[in-house]
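For this one, chain A is given, so just place chain B on it according to the hints.
Protein chains in written order, with this note's numbering: chain A, 100 to 538; chain B, 100 to 538.
Some hints here could point you the wrong way.
[Said to hold, decoys possible] With a straight-line Cα cutoff of 25 Å, these simulated SDA-like cross-link-like pairs (lysine to any residue) come out:
#, chain 1, residue 1, chain 2, residue 2
1, A, Lys486, B, Asp156
2, A, Lys486, B, His331
3, B, Lys486, A, Asn510
4, A, Lys486, B, Pro368
5, A, Lys486, B, Lys486
6, B, Lys486, B, Asp461
7, B, Lys486, A, Glu340
8, A, Lys486, A, Asn510
9, B, Lys486, A, Asn328
10, B, Lys486, A, Gly272
11, B, Lys486, A, Gly342
12, A, Lys486, B, Trp273
13, B, Lys486, A, Gln468
14, A, Lys486, B, Phe275
15, B, Lys486, A, Phe275
16, A, Lys486, B, Gly342
17, A, Lys486, B, Gly329
18, B, Lys486, A, Pro368
19, A, Lys486, B, Gln271
20, A, Lys486, A, Gln468
21, A, Lys486, B, Glu270
22, A, Lys486, B, Ala369
23, B, Lys486, A, Gln271
24, B, Lys486, A, Ser274
25, B, Lys486, B, Pro442
26, B, Lys486, A, Ala369
27, B, Lys486, A, Gly332
28, A, Lys486, B, Asn328
29, A, Lys486, A, Val526
30, B, Lys486, A, Val526
[Stated by the list, open to error] Pairwise CB distance ranges (calculated):
#, chain 1, residue 1, chain 2, residue 2, range
31, A, Glu340, B, Gly491, 17 to 23 Å
32, B, Gly272, A, Leu126, 34 to 40 Å
33, A, Phe164, B, Glu101, 40 to 46 Å
FYI, nobody ran anything at the bench for these hints, they're computed from the structure.
For each residue, glycine too, the CB sits at the ideal point set by N, CA and C.
Protein chains: 2
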Amino acid sequence: MEPVRIGIIGLGTVGRGTLDVLRRNALEIERRVGRPVRVAQVAVRNPARLAGVSPVDFAVTGDPFALVNSPELDVVVELIGGIEPARELVLTAIRSGKHVVTANKALLALHGNEIFEAAQQQGVVVAFEAAVAGGIPIIKALREGLAGNRIEWLCGIINGTCNYILTQMREQGWSFAEALREAQALGYAEADPTFDIEGIDSAHKLTILGAIAFGIPLDFASVPVEGINGLHGMDVTYAEELGYRIKLLGLARRVEQGVELRVHPTLVPARHLLASVEGAFNAVLVKGDAVGQTLYYGRGAGAEPTASAVVADLVDVARTLTADPSNRVPHLAFQPEQLAELPILPMAEVQSAYYLRLQALDEPGVLAQVTRILADEGISIEALIQKEAPAGAVDVPVVLLTHATREGRLNRAIAAIENLPVITQPVVRLRLENLDGLR
Amino acid sequence: MEPVRIGIIGLGTVGRGTLDVLRRNALEIERRVGRPVRVAQVAVRNPARLAGVSPVDFAVTGDPFALVNSPELDVVVELIGGIEPARELVLTAIRSGKHVVTANKALLALHGNEIFEAAQQQGVVVAFEAAVAGGIPIIKALREGLAGNRIEWLCGIINGTCNYILTQMREQGWSFAEALREAQALGYAEADPTFDIEGIDSAHKLTILGAIAFGIPLDFASVPVEGINGLHGMDVTYAEELGYRIKLLGLARRVEQGVELRVHPTLVPARHLLASVEGAFNAVLVKGDAVGQTLYYGRGAGAEPTASAVVADLVDVARTLTADPSNRVPHLAFQPEQLAELPILPMAEVQSAYYLRLQALDEPGVLAQVTRILADEGISIEALIQKEAPAGAVDVPVVLLTHATREGRLNRAIAAIENLPVITQPVVRLRLENLDGLR
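Same shape as in the complex, but just chain A (with noise of 0.2 Å):
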């Protein structure tokens, strides 16, 4: 089938995070889609920002309103940010009857309101994943997911910088300034950091967040704003004493009066989960009067994170230019013809860590004989400790944690141990994973 045929305005951050994945995942993307998602046109002011794409198989231009206007493109990604030109480059894209795909939550914020009866009068898509938590496909989950259910309230973590600062004061017991400027250094922080540090940014999402939780209009200047600008080291060290940590959150409520819509720093109880959300993550959590509370967490901001919003939405769309509409979504994702035959591994052939407990005589030369065990089939020992036994008992157990290995190799182990005359019981074998990546 012929590609869905996309133009970008932008390669910054955002934009080469985009390039990039579509690139790296056409195929997966194209087995989901059924047809090809191809960047056919970019719009950059800065030639510079081409340096290291390769190839560059794609028009290029400098002028933004030709790609808008081009009669070429079916879909439109907006990443320059900011209100103007985006705001009359998305109208204008709109009016040209192209769906448009845009992480810029400052104009749909203020301006959002006027671009979406724009798009219902066209008839096309303005899709928004990106302006919202990065990566978390929240927008998605308050649309449809949830649909089912009168939201009461939400709240979130949504602005991986001050919650990167915050962390830090609390960690390392810094100032408001110092944990700033560790974040800029870093590259955590914008070189001016208003729009984070003042909570703009977080009540730009908030507010959007807020529409669709219940389907009001759009309005930024309603929401009550306040940022970590202000806050003391003492007062975090403080709230932590009393069992709280302070986060920069977006709240939306309903309340009998109407609709409560705020972003300030809060004391949440430390044992709640959203408290151990911590650096440059994000988290929503969503009350609905059905499903009750659901959290949805994970990289808010980032090149790629971000870009993986833009392309769900960029699958949504062309998705739905290329099925019919209850063939939309494959039932199981990719398109029953693509789906691929990879064999599922019998547990022998897996690998992983694994904790092991063993039931021993207290006799000298037990540990000796067990690692040589080990050893022989290749597998380390990250861990290992012998406990003390229980009073009246023969024998004493020791508990190994091993690095990754094999489970056949484990298995042979395991038998080879259960034979040795000082071991008493069968052995206990649990698997261990680390989960890395995620504090």
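This is chain B only, laid out in the frame that chain A set:
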């Protein structure tokens, strides 16, 4: 517009929940879909299931095959569970051109390939968000929200019964048998808990998750499964001492030779977010190549959480039947003409609890003056701590937590407190949210 006409087979826990949610949120759902979603017929074997349903404003039949063949219905909701007659009913509904919504993970894990092929040929949707992780929209996240990613691995706590038992073993120091008995007494475990505790239910769900993550056919028979029924309390304790918690995980991972799909008790680091998922909650962690790790968390079972997913599927189908494709999901979740004009409250009218820090001269009577002012405004104090003055300071910090109050009142109290001669600096005021209901 004409209502979308629903037929429900089975009025057990989830069936009743679905009926309740569709009724309670009828208006909210109509605002989202653009037309009413109405239960037109229900099939129940035992008419006693109708006790307490009022009004019975739908047709009732004892013959589910009459329902799936009825020309009066657009969508069939299958909620009887088990393999037969559910399989035959679903296939018959498909053949008669109806869309199907089901929560039946066993049916899909075992016969999904056949069912989806039939649906594909007939051009109808079989929607199954409720089959995995209850109200958490994980199917939608994987099939749509993360569609730009190559999914590398996922793992989930997808059986609340097992998770509840494991939590009780860890927190109470109980044996497996003791924890199971309590779970049965409280209704968290069935009288016959085999499917749960042997990991079979988790494996059904994992089979579905693995298929949509990697684009492979459903193949339950190849999934290695180990339950929690052989687990010793002492291993739960030793794992804890080593910094781990034991969870029953379903794991799916791409490896060089194919894919791993496996269910077994697993040690995970205690500081990992997944380890904090306790009791009857579910969570799924997904690693995509672009987005990194994302987590989805909520109630994995129960009448209304599962109904939340069933109704979301109904909304999806109804939107497909109703809208032109590009307006399938309204931009702000609700139909544009259905947006509500709810006022956003100014902060003075918002209710919140507060953290206050005063800096006061270390004199007798300070607390009496402060607490008097708060009492006069009707603000009650939850905690009050007078800190030590730092060396050389003339004033001491006094930290207060208040119960919920209107911010306007609090601001008046703060103004009065700041007027006290013993108060040396502006009062620090932070909001506090307890986010009740989630542990």
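Status of each hint after checking the structure:
Pair hint A/Lys486 plus B/Asp156 does not hold up; C-alpha atoms about 66 Å apart against a cutoff of 25 Å. With a C-alpha separation of about 15 Å, the suggested pairing of A/Lys486 with B/His331 holds against the 25 Å cut-off. Of the supplied pair hints, the one linking B/Lys486 and A/Asn510 is violated, its CA atoms being roughly 58 Å apart against a limit of 25 Å. As the CA atoms of A/Lys486 and B/Pro368 are separated by approximately 21 Å, the hinted pair is consistent with the 25 Å bound.
For the proposed pair A/Lys486 and B/Lys486, the alpha carbon gap of about 43 Å is over 25 Å, so the pair is violated. The hinted pair formed by B/Lys486 and B/Asp461 meets the criterion: a straight-line CA distance of about 11 Å does not exceed 25 Å. A C-alpha spacing of about 11 Å is found between B/Lys486 and A/Glu340, which places the hinted pair at or below 25 Å, so the restraint holds. For the proposed pair A/Lys486 and A/Asn510, the alpha carbon gap of about 23 Å is at most 25 Å, so the pair holds.
For the proposed pair B/Lys486 and A/Asn328, the alpha carbon gap of about 24 Å is at most 25 Å, so the pair holds. Between B/Lys486 and A/Gly272 the alpha-carbon distance is near 18 Å, which keeps this suggested pair within the 25 Å criterion. Distance check on the hinted pair: B/Lys486 and A/Gly342 sit about 16 Å apart at the alpha-carbon level, within 25 Å; holds. Note on A/Lys486 and B/Trp273: the hinted pairing holds, with a Cα-Cα distance of about 20 Å set against a maximum of 25 Å.
For the suggested pair B/Lys486 and A/Gln468, the alpha carbons sit about 58 Å apart, so the restraint of at most 25 Å is broken. Note on A/Lys486 and B/Phe275: the hinted pairing holds, with a Cα-Cα distance of about 21 Å set against a maximum of 25 Å. For the hint pairing B/Lys486 with A/Phe275, the CA-to-CA distance comes to about 21 Å; that is within 25 Å, so the pair holds. As the CA atoms of A/Lys486 and B/Gly342 are separated by approximately 16 Å, the hinted pair is consistent with the 25 Å bound.
Of the supplied pair hints, the one linking A/Lys486 and B/Gly329 holds, its CA atoms being roughly 21 Å apart against a limit of 25 Å. Pair hint B/Lys486 plus A/Pro368 holds up; C-alpha atoms about 21 Å apart against a cutoff of 25 Å. For the proposed pair A/Lys486 and B/Gln271, the alpha carbon gap of about 21 Å is at most 25 Å, so the pair holds. Only pairs whose Cα atoms come within 25 Å are accepted, and A/Lys486 paired with A/Gln468 is accepted, the gap being roughly 17 Å.
Distance restraint check for A/Lys486 and B/Glu270: the Cα-Cα separation of roughly 21 Å lies within the 25 Å cut-off, and the hinted pair is therefore satisfied. Taking the CA atoms of A/Lys486 and B/Ala369, the gap is about 21 Å. The hint holds against a cut of 25 Å. Among the hinted pairs, B/Lys486 with A/Gln271 is consistent with the structure: their alpha-carbon atoms are about 21 Å apart, no more than 25 Å. Note on B/Lys486 and A/Ser274: the hinted pairing holds, with a Cα-Cα distance of about 19 Å set against a maximum of 25 Å.
The suggested pairing of B/Lys486 with B/Pro442 is violated, with an alpha-carbon distance near 41 Å, which exceeds 25 Å. For the given pair, B/Lys486 sits about 21 Å from A/Ala369 by alpha-carbon distance, which is consistent with the 25 Å threshold. Only pairs whose Cα atoms come within 25 Å are accepted, and B/Lys486 paired with A/Gly332 is accepted, the gap being roughly 15 Å. The straight-line distance between the Cα atoms of A/Lys486 and B/Asn328 is roughly 24 Å, inside the 25 Å bound, and the hint therefore holds.
Proximity of A/Lys486 to A/Val526 is assessed by CA-CA distance (about 15 Å); at most 25 Å being required, the pair is judged to hold. For a cut-off of 25 Å, the pair hint linking B/Lys486 to A/Val526 is broken: about 54 Å separates their Cα positions. Distance hint for A/Glu340 and B/Gly491: a CB-CB separation of about 22 Å, consistent with the stated range 17 to 23 Å. For B/Gly272 and A/Leu126, the Cβ-Cβ distance of about 51 Å falls outside the hinted range of 34 to 40 Å, so the restraint is violated.
For A/Phe164 and B/Glu101, the hinted distance range of 40 to 46 Å is satisfied, since their beta carbons lie about 44 Å from each other.
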